[in-house]
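Chains as they are written, first to last, in my numbering: chain B, 1 to 504; chain V, 1001 to 1518.
No lab work stands behind these hints, which were simulated from the structure alone.
Being a predicted model, the structure only gives us computed values, none of them experimental.
Even for Gly, the Cβ is constructed at its ideal location relative to N, Cα and C.
Incorrect hints may appear among the rest.
As the list claims (entries may be wrong) - Calculated lysine-lysine pairs in the BS3-like style (CA-CA distance at most 27 Å, straight line):
id, chain 1, residue 1, chain 2, residue 2
1, V, LYS1159, V, LYS1380
2, V, LYS1380, B, LYS162
3, V, LYS1111, V, LYS1052
4, V, LYS1162, V, LYS1370
5, V, LYS1370, B, LYS162
What the hints assert, rightly or not - Examples of chain B residues toward chain V, derived with CB under 10 Å:
id, residue
6, PHE144
7, ASP161
8, TYR191
9, ARG193
10, GLY196
11, ASP277
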Amino acid sequence: MENSVHSYLPLWACLASLAAVPLIVLFRREIFLRELVTFGAGALKFAFVLAMLPIILEGKVIVLTLVDGIGGINVPIAFRVDGLGMLFALVASSLWILTSLYAVGYMRGLHEPSQTRFFAFFALSLCATLGVAFAGNLFTLYLFYEMLSLSTWPLVTHHQDKEARTGGRTYLSYLLGTSIAFALPAILYTYVRSGGEVAFGPEAILAESNLDYWPALALLLAFAFGFSKAGLMPFHSWLPGAMVAPTPVSALLHAVAVVKVGVFCIIRVVTGVFGVDLLGRLGVNDVLAWIAAFTVITSSLIALTQDNLKRRLAFSTIGQLAYIVLGAALITKLSLTGSVLHIAAHAVAKITLFFCAGAIFVATGKKYVSQLAGLGRTMPITMGAFFLGSLGVIGLPPSLGLISKFHLVVGAADAGEIALLCVFLTSTLLNAAYFLPLVWIAFFPKKGSIPAELDRPFSWAGVREAPWACVVPLAITALLSTGLFFCSGFLQELTGQFIKGIGL
Amino acid sequence: MSDHLPVLVLLAPLFGAIAIGLFGMRDHRVCLPVVLSALVLSLCCAIGIVLKVHAGGTLDYFVAGWKAPRGIGIVLRADAINSPILVVIAIVAILAAVFTVRHAGERDTEKTPHFYILFLLLCVGLFGITITGDAFNVFVLIEVTALTSYGLIAIGGSKRCKVAAFHYLIMGTVGASFYLIGVGYLYLKLGSLNMQDIHTILASNESLADSRAIRTAFVFILVGIWTKMAFFPLHGWLPNAYSYSPSGSAAILAPLVTKVSVYVMVRMMVSVFGLDHLEANVEWGHFVVWLAIIAIAAGSTMALAQREIKKMLCCLIIAEVGYMVGGAWLGDPQRWGLTGTVYHILADALMTSCLFLAAGAFAKWHGAAKLEDLSGLFRKMPLAATGFVVGGLAIIGVPPTCGFYSKFYLIRGAIEAGHWVYVAALLASSLVNAVLFFRIFEIAYFGKNPVESHGHGDDHGHDHESEPVVRREPPLHALIPLLAAAALVILLGLCNGTVVEFIRTGLIETATVVSTGR
Chain B
1 MENSVHSYLP LWACLASLAA VPLIVLFRRE IFLRELVTFG AGALKFAFVL
51 AMLPIILEGK VIVLTLVDGI GGINVPIAFR VDGLGMLFAL VASSLWILTS
101 LYAVGYMRGL HEPSQTRFFA FFALSLCATL GVAFAGNLFT LYLFYEMLSL
151 STWPLVTHHQ DKEARTGGRT YLSYLLGTSI AFALPAILYT YVRSGGEVAF
201 GPEAILAESN LDYWPALALL LAFAFGFSKA GLMPFHSWLP GAMVAPTPVS
251 ALLHAVAVVK VGVFCIIRVV TGVFGVDLLG RLGVNDVLAW IAAFTVITSS
301 LIALTQDNLK RRLAFSTIGQ LAYIVLGAAL ITKLSLTGSV LHIAAHAVAK
351 ITLFFCAGAI FVATGKKYVS QLAGLGRTMP ITMGAFFLGS LGVIGLPPSL
401 GLISKFHLVV GAADAGEIAL LCVFLTSTLL NAAYFLPLVW IAFFPKKGSI
451 PAELDRPFSW AGVREAPWAC VVPLAITALL STGLFFCSGF LQELTGQFIK
501 GIGL
Chain V
1001 MSDHLPVLVL LAPLFGAIAI GLFGMRDHRV CLPVVLSALV LSLCCAIGIV
1051 LKVHAGGTLD YFVAGWKAPR GIGIVLRADA INSPILVVIA IVAILAAVFT
1101 VRHAGERDTE KTPHFYILFL LLCVGLFGIT ITGDAFNVFV LIEVTALTSY
1151 GLIAIGGSKR CKVAAFHYLI MGTVGASFYL IGVGYLYLKL GSLNMQDIHT
1201 ILASNESLAD SRAIRTAFVF ILVGIWTKMA FFPLHGWLPN AYSYSPSGSA
1251 AILAPLVTKV SVYVMVRMMV SVFGLDHLEA NVEWGHFVVW LAIIAIAAGS
1301 TMALAQREIK KMLCCLIIAE VGYMVGGAWL GDPQRWGLTG TVYHILADAL
1351 MTSCLFLAAG AFAKWHGAAK LEDLSGLFRK MPLAATGFVV GGLAIIGVPP
1401 TCGFYSKFYL IRGAIEAGHW VYVAALLASS LVNAVLFFRI FEIAYFGKNP
1451 VESHGHGDDH GHDHESEPVV RREPPLHALI PLLAAAALVI LLGLCNGTVV
1501 EFIRTGLIET ATVVSTGR
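Start from the sequences, fold in the hints, and give me the full structure.
Here it is as structure tokens:
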């Protein structure tokens, strides 16, 4: 029996940003107060999450039932916080504060319209993200998953122009369409098959069921494609489409919250619904692993060809998400550890890169890779952070990315999948190929490739950075990505608690 | 006093209608307070009935003490299936009544009392159909409902209203006649009109129950009720009738009339003919589920083709009727399909009420009849638009609204019955609903023609919030019912466990349900 504690902390953590929504709308004319509410809610949320950290680190699980299940008739709405959920919540709630600061700088710098709506829906989507992180059963997970899809739609379509409408349509039709068409029936089938049990716990939901190979495969794929926020090919096109959103949205939601909710759900399905034992016995995880491997390579190749910086980052995200799915699909102790750690590692690294892309746009209006030559001289901090962030995504030291990738690679070797190990290594080369030349050109442009007035030795006087509210967050996240390389102890411990909880 | 609750539910609106007839003609200000107080009294009685049923099981009430099943005694019977429906009818009626408050200036002086008399009589009919325990009384009350509906639709005065009402009148009369023929067969064969008696006789005499006359009676009753509930392909009257009627009428007709007819079908199946009997003897039960699938597909497809908001909602009603008929006929051993149907009667009444209130408000205060007219809605009336969004999400089936949970129970039944096509139809219909509503949300959010990609910065360098947004919500009497309906949609979703547990006690009493739990 697992060691569980009853506590209202997960609920408060969720509600902190929900309660901020009406306040943000109320203070729409007092811009200072409105921003203060956002930061206050962010700090409060982070504090609640931090308050749960020691409990989880002790190896306990926090449980809370909001709506009771009545005698097998309905399903309860319940929270359950374990190591995985805790790690994800920590990442999301801490990065929200930084993103809010960045958003203030970005939105004001560009004089974006409808900032109140922007901040209100941002807070709402964070509530949904934490809801997913803390979900105690499949239905609660689905509830917050849908809430996240819906509450991010106004953010994606923020500019309300034609391009936004197209992007928004793709976004919703992929996310809502797959979740209704695949995830919902998969959940209901699980519910009926398990005899009305959908709660996550130390035992996987379907562990006792005698599923055959083909139904199990269909169910696994229905989950994997149904949670299309994970961006597994062929249901990935919403992610590049959603890049029409303002950069803070892309940064937090499409590098951290939304996409990570997708992979989070898949890890939950693999470990909590099927269970490692059942998957290993049936061997259906191989199919998922190969789909993920295909996504890793293909998306990295596509990323190489993208000139729009945000689109390149988007395809890189698709590849990195597939790493996480691949790690989960290998179902070894090390690969799962790598998967969970990569949620955090990729989050801090990719958010840095998006922040940089946005800062470059705010400062210079440039959004294409081919325009970045020589930018290291005018925006040294931004490009330096970009370099650190890309190290994290590639998995080079010193960055948290190295630790997670190391686990993934060793996990693949552990599972005896040499081909998949090669996929990891090839992809790492590709990652380097689409990021490092960009950084190189930014700092060491070819002679004659940039205007003469820029072609001069570096001096601080020539620095033209974005507003400080943009630069500070990206510097912090870049340092986080590096710093966590040296003190990743608590993250590894959280992951360890999760791995121990599922009995590996 | 509390013994008389079942009859008070009916009498309150009946005497209200008479009171308006007596006093309201002279002074129109009397009408609305009378309507509201009558309906609130009904609501209190309905809640009282729910509590009593919860505490002590089925309530029987013999009007004027005529107990013997001789002649046409008026028997009222409230159990766990119909008492929640009574509450929902009262709530939806109150919301619609509040919505019809008009400013003194624009009051249509001639027809106000007529409208409210018809409105209350309609409520009498709906309450009556739901609570009566007599198969013939159901016919009488169906006619009461139908006649008042024709009036409420035609009261709009435009030519299209009258044509729609006439179309409805013909279809409705044919449907009611079919039902009457069915009941006639039953009476000839069994000599009783009391539902409980019929059930006892049929259960005790297997060969009689399987006779051709009883089968014919069942088919006539079923087809008659299907016409009344607009089950595809007998739906022709519905779209025009509900979309051309005045908003106040549509707000009560659309949510309730079809739903109450579905209830009659469930009642006939469960406590007149008996589910076990039907399952053993009706070979075409499977076929009905296929009909339901066709109805769902047809309703969804037609909805996609509509350009008018109310027409689109009407087509959705047709699809939802398909959900409910299919659920009732799934025949899964644990009766989850039937549970889903009864729960969906409640859920759909509230969702439809919410959407029609919103459509009515948009039509009146935004001038919007077509989908395109809704542009700029989120800026102009954010609160009303939020109410509409909640209703839309419920129809799509997004948790935690009640629409999600009714689909949950229906799909659970379908999976247990192994009817995968029905599962697929429900999911496909959800997807279509998502397209339908997000099409509207998009128009409301982006405006008619979204501006071409504007450059950031200078040319758009002003913050929208600094300029006053032209915000004009509908008046409170329209806004409050809409938001109340939206809140109830979510509340019913959150309380689904309690409600369904209650409904299932009723299903267990009346039909043999294998067991409560899993």
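Hints, verified against the model:
1. V:LYS1159 to V:LYS1380: violated (32 Å)
2. V:LYS1380 to B:LYS162: Measuring from Cα to Cα gives roughly 21 Å; hence the hint holds.
3. V:LYS1111 to V:LYS1052: Violated. LYS1111 (chain V) to LYS1052 (chain V) sits at ~39 Å, over the 27 Å cutoff.
4. V:LYS1162 to V:LYS1370: The given pair, whose Cα atoms are some 21 Å apart, holds under the 27 Å limit.
5. V:LYS1370 to B:LYS162: With Cα atoms ~21 Å apart, LYS1370 (chain V) and LYS162 (chain B) stay inside 27 Å; holds.
6. PHE144: holds (9 Å)
7. ASP161: holds (5 Å)
8. TYR191: holds (7 Å)
9. ARG193: Hint holds; ARG193 (chain B) Cβ to chain V Cβ min 9 Å, cut 10 Å.
10. GLY196: holds (4 Å)
11. ASP277: With a minimum Cβ separation of about 24 Å from chain V (threshold 10 Å), the hint on ASP277 (chain B) is violated.
Of the numbered hints listed earlier, those contradicted by the structure are 1, 3, 11.
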